[in-house]
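Given next are the chains, with one letter for each unit.
Number of protein chains: 2
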Amino acid sequence: MPEMITSHANPQIKAIRKLSDRKERNSTGEYLAEGLRIVIEAIQLNQPIQKIIYSPDLLRSSIGWETIAGFEVKHPEKTLRVSEEVFKSITQKDNPQGAAAVISQRWVKLDEIKLTSRNLWVALHQVADPGNLGAVLRSMDGVDADGLILLDQCTDPYDPSSIRASMGAVLTRKLVKASSTEFITWVRQNRFTVVGTSDKAKLDFHTYTYPDPMVLLMGSERQGLDEKLQLICSKMVSIPMRGKNDSLNLAVATGIILYEIDRQKNTPGFER
Amino acid sequence: MPEMITSHANPQIKAIRKLSDRKERNSTGEYLAEGLRIVIEAIQLNQPIQKIIYSPDLLRSSIGWETIAGFEVKHPEKTLRVSEEVFKSITQKDNPQGAAAVISQRWVKLDEIKLTSRNLWVALHQVADPGNLGAVLRSMDGVDADGLILLDQCTDPYDPSSIRASMGAVLTRKLVKASSTEFITWVRQNRFTVVGTSDKAKLDFHTYTYPDPMVLLMGSERQGLDEKLQLICSKMVSIPMRGKNDSLNLAVATGIILYEIDRQKNTPGFER
Chain F
1 MPEMITSHAN PQIKAIRKLS DRKERNSTGE YLAEGLRIVI EAIQLNQPIQ KIIYSPDLLR
61 SSIGWETIAG FEVKHPEKTL RVSEEVFKSI TQKDNPQGAA AVISQRWVKL DEIKLTSRNL
121 WVALHQVADP GNLGAVLRSM DGVDADGLIL LDQCTDPYDP SSIRASMGAV LTRKLVKASS
181 TEFITWVRQN RFTVVGTSDK AKLDFHTYTY PDPMVLLMGS ERQGLDEKLQ LICSKMVSIP
241 MRGKNDSLNL AVATGIILYE IDRQKNTPGF ER
Chain W
1 MPEMITSHAN PQIKAIRKLS DRKERNSTGE YLAEGLRIVI EAIQLNQPIQ KIIYSPDLLR
61 SSIGWETIAG FEVKHPEKTL RVSEEVFKSI TQKDNPQGAA AVISQRWVKL DEIKLTSRNL
121 WVALHQVADP GNLGAVLRSM DGVDADGLIL LDQCTDPYDP SSIRASMGAV LTRKLVKASS
181 TEFITWVRQN RFTVVGTSDK AKLDFHTYTY PDPMVLLMGS ERQGLDEKLQ LICSKMVSIP
241 MRGKNDSLNL AVATGIILYE IDRQKNTPGF ER
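Line by line, the protein sequences give chains F and W. Residue 272, in the numbering used here, is where the first sequence stops; the numbers in between run on with no holes. Residue 272, in the numbering used here, is where the second sequence stops; the numbers in between run on with no holes.
In case anyone wonders, no lab produced these hints; they're calculated from the structure. Yeah, the Cβ is synthetic: ideal placement off N, Cα and C, and Gly gets one too. Among these hints, one or two may not hold up.
As the list claims (entries may be wrong) - Ranges between beta-carbon positions, derived for each pair:
1. F:Ser27 x W:Asp94: 22 to 32 Å
2. W:Val73 x F:Arg17: 54 to 64 Å
3. W:Asp94 x F:Met4: 52 to 62 Å
4. W:Ala15 x F:Arg118: 53 to 63 Å
5. W:Arg17 x F:Trp65: 24 to 34 Å
As the list claims (entries may be wrong) - Straight-line alpha carbon distances no greater than 20 Å define the calculated EDC-like cross-link-like pairs of lysine to aspartate or glutamate that follow:
6. W:Lys244 x F:Asp144
7. W:Lys93 x W:Asp144
8. F:Lys265 x W:Asp129
9. F:Lys93 x W:Asp129
10. F:Lys200 x W:Asp156
11. W:Lys174 x W:Asp156
So here's chain F without its partners, still in its complex pose (with noise of 0.2 Å):
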């Protein structure tokens, strides 16, 4: 059994710590997954896990404590066992679970990216919140939608706000990171079909018929879809507002479209 961590000044854990902040998740290539199912996910899945971080005194559940010891037989290296008070110090919960891992980011590069039949891709310009970029991830698992494409300046999918919103959608999601001069010129070189929304477009969403393959191009919470992004779309659809606003929210919005490109692909002999 290896020695218990107590010290917050412990350097790894300083380390850790460090993981809540954006420069360093980027200079690292890493990020923090905090909570049970998570790092169970993580575990699973293979994922490219550098540290598991647990503590014996919070951790609850049978399942957390038999993968977590499967994981320290085989990767003792990886393993790090934490008094209650140090996991305290590097988890954002307020009842946390006892458990945590730090986790390679893993990108994706747009020129990786070949559309086949019914890939369904989602692309983002300058999302800002990250709970809203989590909850994106969440709906495009629910539809099994293949990856994220973030445009331009967007908040950080590994920011723990958003990790805990996608509820471990970003383990298993695609992520690529582009300007919008890569993306449009992608999208004309392959000649992809991209279907955005605005509020100003015609066409209700619900009388589109979405094609296959095909990337849905969401504006960010302020500004809508920027007008050179609009130029590349095949078709841009509106989804109807009968109150008083002009918009929804962007995960919602996104929630919305992609299940209804999910009710077409699996409604038999809807016509395409």
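Given chain F, put chain W in place with the hints provided.
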């Protein structure tokens, strides 16, 4: 021109600042709405405004000036001019627009609600996150749903995060608070139709024809829909989950089902 309040210790300012606390909102029956857009909307909609607070140094928009000046002429006793510093002490926004309003909460009693043709209500059981609650209200505005019933211990729709996420929909949607027991009695006595959601329901929400009028009942973020509440549902529907997770974000799930109901309502010839 009234005098400008420059002291943080001004008793009116102190009372307004306290409204960030739920207890204070409950005991006064008031809340603070921040931001130009919602203040203008509150004035235009003749909401029960107790005070308008504005800072001439921060207020840049001409429509903002006009609307607030119009209000001030009619209700000088309800208008507070404050310094930039004092305004910043009451706001939770990073870039305050210099306008806020203290408004009386408006709650409708469950007994007062009679569902009639084409009415669409939403009931949430123990929703915990004010951002989710606000986003649900925003989606309800999107489909012009009538009102929201909050069951048992819910977060406060007048929480600043909820108001912000609702984009003003908190002003325009009817709000009801009730216990599960009261709700069940109300549904039974009036024979209202309630449609519930559960990840275990076999019926895909897309394949069900929604009745008119109806209440859409959603469970909490953590627990899903309570068994006792499931018993009064005419139908339970589920959203297909094709990935690793068994649920979506609550606001996203509610928005997806609301827009399916909306699609059916607005598809000519859709059989209902």
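Hint by hint, here is what the structure shows:
1. F:Ser27 x W:Asp94: 22 to 32 Å: Holds: the Cβ-Cβ distance is about 26 Å, inside 22 to 32 Å.
2. W:Val73 x F:Arg17: 54 to 64 Å: At 56 Å between Cβs, range holds.
3. W:Asp94 x F:Met4: 52 to 62 Å: Violated - the Cβ-Cβ distance for Asp94 of chain W and Met4 of chain F, about 41 Å, lies outside 52 to 62 Å.
4. W:Ala15 x F:Arg118: 53 to 63 Å: 59 Å, holds
5. W:Arg17 x F:Trp65: 24 to 34 Å: For Arg17 of chain W and Trp65 of chain F the Cβ distance comes to about 47 Å; the hint is violated.
6. W:Lys244 x F:Asp144: Judged against 20 Å, a Cα distance of about 8 Å means the pair holds.
7. W:Lys93 x W:Asp144: 28 Å, violated
8. F:Lys265 x W:Asp129: Measuring from Cα to Cα gives roughly 32 Å; hence the hint is violated.
9. F:Lys93 x W:Asp129: 15 Å, holds
10. F:Lys200 x W:Asp156: 33 Å, violated
11. W:Lys174 x W:Asp156: Given that 20 Å is the threshold and the Cα spacing comes to 14 Å, the pair holds.
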